[in-house]
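There are 2 protein chains.
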Amino acid sequence: MSGPDHLVGILGGMGPAATAEFYTKLIRRTPVTRDQDHLRVAIWADPTVPDRVGAVLGGTTDPYPAMLEGARRLRDLGTTVAVMPCHTAHVFLPALVRDSGLRFLDMVAETMAALERREGTAGRVGLLGTRATLASGLYQDRLREERFDVVLPEEPTQWQVDLAIRKVKQGNPEEAGQHLDNAVRAMARTDANLIVLACTELPLAARHLTAVGHSELLDPTDVLADAVIRECGGLPPATGRRRAG
Amino acid sequence: MSGPDHLVGILGGMGPAATAEFYTKLIRRTPVTRDQDHLRVAIWADPTVPDRVGAVLGGTTDPYPAMLEGARRLRDLGTTVAVMPCHTAHVFLPALVRDSGLRFLDMVAETMAALERREGTAGRVGLLGTRATLASGLYQDRLREERFDVVLPEEPTQWQVDLAIRKVKQGNPEEAGQHLDNAVRAMARTDANLIVLACTELPLAARHLTAVGHSELLDPTDVLADAVIRECGGLPPATGRRRAG
Chain A
1 MSGPDHLVGI
11 LGGMGPAATA
21 EFYTKLIRRT
31 PVTRDQDHLR
41 VAIWADPTVP
51 DRVGAVLGGT
61 TDPYPAMLEG
71 ARRLRDLGTT
81 VAVMPCHTAH
91 VFLPALVRDS
101 GLRFLDMVAE
111 TMAALERREG
121 TAGRVGLLGT
131 RATLASGLYQ
141 DRLREERFDV
151 VLPEEPTQWQ
161 VDLAIRKVKQ
171 GNPEEAGQHL
181 DNAVRAMART
191 DANLIVLACT
201 ELPLAARHLT
211 AVGHSELLDP
221 TDVLADAVIR
231 ECGGLPPATG
241 RRRAG
Chain B
246 MSGPDHLVGI
256 LGGMGPAATA
266 EFYTKLIRRT
276 PVTRDQDHLR
286 VAIWADPTVP
296 DRVGAVLGGT
306 TDPYPAMLEG
316 ARRLRDLGTT
326 VAVMPCHTAH
336 VFLPALVRDS
346 GLRFLDMVAE
356 TMAALERREG
366 TAGRVGLLGT
376 RATLASGLYQ
386 DRLREERFDV
396 VLPEEPTQWQ
406 VDLAIRKVKQ
416 GNPEEAGQHL
426 DNAVRAMART
436 DANLIVLACT
446 ELPLAARHLT
456 AVGHSELLDP
466 TDVLADAVIR
476 ECGGLPPATG
486 RRRAG
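Residue numbers (the working numbering), protein chains in the order written: chain A, 1 to 245; chain B, 246 to 490.
Just so you know, the hints here were simulated from the structure itself, not pulled from any lab data. Be aware that a few hints might be false.
Where chain B lies over chain A, by a calculated footprint (3+ residues, C-beta under 8 Å) [stated by the list, open to error]:
#1 25-39
#2 42-50
#3 164-174
Partial list, computed: chain B residues near chain A (C-beta under 7 Å) [what the hints assert, rightly or not]:
#4 Pro249
#5 Asp250
#6 Pro261
#7 Thr269
#8 Thr278
#9 Gln281
#10 Pro292
#11 Tyr309
Simulated restraints, written as ranges between beta carbons of each label pair [what the hints assert, rightly or not]:
#12 Ala380(B) <-> Gly78(A): 33 to 39 Å
#13 Thr306(B) <-> Glu69(A): 33 to 39 Å
#14 Gly78(A) <-> Pro276(B): 32 to 38 Å
#15 Pro156(A) <-> Glu361(B): 51 to 57 Å
#16 Ala354(B) <-> Glu145(A): 55 to 61 Å
#17 Arg392(B) <-> Pro31(A): 44 to 50 Å
#18 Arg207(A) <-> Trp404(B): 29 to 35 Å
#19 Gly323(B) <-> Glu155(A): 30 to 36 Å
#20 Arg387(B) <-> Arg103(A): 58 to 64 Å
#21 Glu391(B) <-> Ala135(A): 58 to 64 Å
#22 Gly323(B) <-> Trp159(A): 50 to 56 Å
#23 Asp99(A) <-> Pro339(B): 38 to 44 Å
#24 Asp321(B) <-> Arg28(A): 29 to 35 Å
#25 Thr306(B) <-> Asp191(A): 55 to 61 Å
C-beta: ideal position from N, C-alpha, C; glycine also.
Only chain A is shown next, with the shape it has when bound in the complex (with noise of 0.2 Å):
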């Protein structure tokens, strides 16, 4: 199947500019030189999907149900490569696998895969995500299974995060840049080779770091974006490399 056979989904609206984001670095990571040369992508956003976060870690409203709704309207439309860029919802990604029979690129496995060829096995990782991500062990596990070290936030780093999310949520990325900007430089001084953004908002307030240079960033949503586009037939660029901190 080539490019044009293909058709992307992409599950979103957890939350919208995180979306919005991953859908415009896959078009500028996409290599064209005209409108035609671009994939198909079918986009389902509903931001009214109950919070992933309260529902993994406290059993709030379930967000499940309208997630598999979301991933049956992106089978029924002919999506050949799903991707859902939002990392806490993934905790739901084999139960979603089960239910709507719909293929996904798995941006956990990618990011390890990226992982993987850039560092080998072994290393220092840093993990910046909501508390649900980190709680349910999505990244650690197999980030222990390739011998990473794993480097979680202390408390008050996590609450950097958390405020960096939010405001990203809240249409603020230039403030949510500089509760980013405390979580890396907290991360940098554990001596993590690499922090991965571990959520997807994370991306937007990391276009407002400040501190430049001392850790080394990877996005997931970079790796999954090449992944579609590999996917699909198509070369895509070298994942950068970002060195903040």
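Knowing the structure of chain A, use the given hints to seat chain B on it.
This is chain B only, laid out in the frame that chain A set:
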């Protein structure tokens, strides 16, 4: 019908960067404090739709069947308000509405209404857009009905507009900005009160304008995003004015 009951359908991909930019604007301009306050959005972005400009000007492959297919998909998903962030494609809007039964907000009509709210009737309006949008008279006819004087670009200026659009489509908005800069400077010399960016690629180039201060720019994608938000029961911010030229 209130916000959460609406489904905004975006018939996009013409081109993809303009679609992502429109979606980003819709998100930024929606007043929210959390994800769940945002509008539900479905996007059908098929960039393989044949070139609209060539079809309008010179009878190249008809893009209409692919556009109608997209409109039908959005309709079947339950779209309550549809938009098409591409001016040239608005040549096909009456047929699309008739054949899909989908309710569209017309970007040209919304822009005309915004112009009348701002300028009253009459005044001198410059138009920058594709050769097809200008040749079709989409804007001029309605502007003249409202007693606006219309200023169209001279050939060397149109050439700069063509290049700006092409560069955005090729993923190079910075270079596009230089071409748009040339076009805006030329239009500013015609004493237009204000210049309408009547091609949805141009706002992406406009971010990179260096010349500021001579002419006011009106971005119909801002107007359209606000119309969607109002239609869905929200209160958009006042449409921003911007001086450049």
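Now the hints, each set against the structure:
1. Coverage of a stretch by a chain is defined here by at least three residues with a beta carbon nearer than 8 Å to that chain's beta carbons; for the region 25-39 of chain A and chain B the count is 10, and the condition holds.
2. Given a C-beta distance limit of less than 8 Å, the hint that chain B covers the region 42-50 of chain A holds, as 9 residues qualify and 3 suffice.
3. Note: the region 164-174 of chain A has 3 residues with beta-carbon separation from chain B under 8 Å; the three-residue rule is met and the coverage holds.
4. This hint holds: Pro249(B) has a C-beta 5 Å from the nearest C-beta of chain A, less than the 7 Å allowed.
5. For Asp250(B), the interface hint is violated, since its Cβ never comes within 7 Å of a Cβ in chain A; the closest pair sits about 10 Å apart.
6. Hint status for Pro261(B): holds, given a least beta-carbon distance of 5 Å to chain A, under 7 Å.
7. Using the Cβ-Cβ criterion of 7 Å, the hint placing Thr269(B) at the interface with chain A is satisfied: the shortest such distance is roughly 4 Å.
8. This hint holds: Thr278(B) has a C-beta 6 Å from the nearest C-beta of chain A, less than the 7 Å allowed.
9. With a cut of 7 Å, the hint placing Gln281(B) at the interface with chain A holds, because the nearest CB-to-CB distance is about 5 Å.
10. This hint holds: Pro292(B) has a C-beta 4 Å from the nearest C-beta of chain A, less than the 7 Å allowed.
11. For Tyr309(B), the suggested interface contact is broken, since its CB lies about 16 Å from the closest CB of chain A, more than 7 Å.
12. Between Ala380(B) and Gly78(A) the beta carbons are some 35 Å apart, a value that agrees with the proposed interval 33 to 39 Å.
13. At roughly 36 Å, the beta carbons of Thr306(B) and Glu69(A) sit within the given window of 33 to 39 Å.
14. Take Gly78(A) and Pro276(B): their Cβ atoms lie about 35 Å apart, and the range 32 to 38 Å holds.
15. At roughly 54 Å, the beta-carbon separation of Pro156(A) and Glu361(B) lies within the given 51 to 57 Å, and the hint holds.
16. Between Ala354(B) and Glu145(A) the CB atoms are about 58 Å apart, so this pair conforms to the stated range of 55 to 61 Å.
17. Distance hint check for Arg392(B) and Pro31(A): the Cβ-Cβ separation is about 48 Å, which falls inside the suggested range of 44 to 50 Å.
18. Checked against the hint of 29 to 35 Å, the C-beta distance between Arg207(A) and Trp404(B) comes to roughly 33 Å, which is consistent with it.
19. Hint check: Gly323(B) to Glu155(A), Cβ distance near 43 Å, so the stated range 30 to 36 Å is violated.
20. A hinted range of 58 to 64 Å for the beta carbons of Arg387(B) and Arg103(A) is inconsistent with their spacing of about 46 Å.
21. Range check, Glu391(B) to Ala135(A): Cβ separation about 59 Å, and the 58 to 64 Å hint holds.
22. The beta-carbon spacing between Gly323(B) and Trp159(A), approximately 40 Å, falls outside the hinted interval of 50 to 56 Å.
23. Taken as a hint, the range 38 to 44 Å holds for the pair Asp99(A) and Pro339(B), whose Cβ atoms sit roughly 41 Å apart.
24. Between Asp321(B) and Arg28(A) the CB atoms are about 30 Å apart, so this pair conforms to the stated range of 29 to 35 Å.
25. Restraint check, Thr306(B) to Asp191(A): a C-beta distance of roughly 58 Å satisfies the suggested window 55 to 61 Å.
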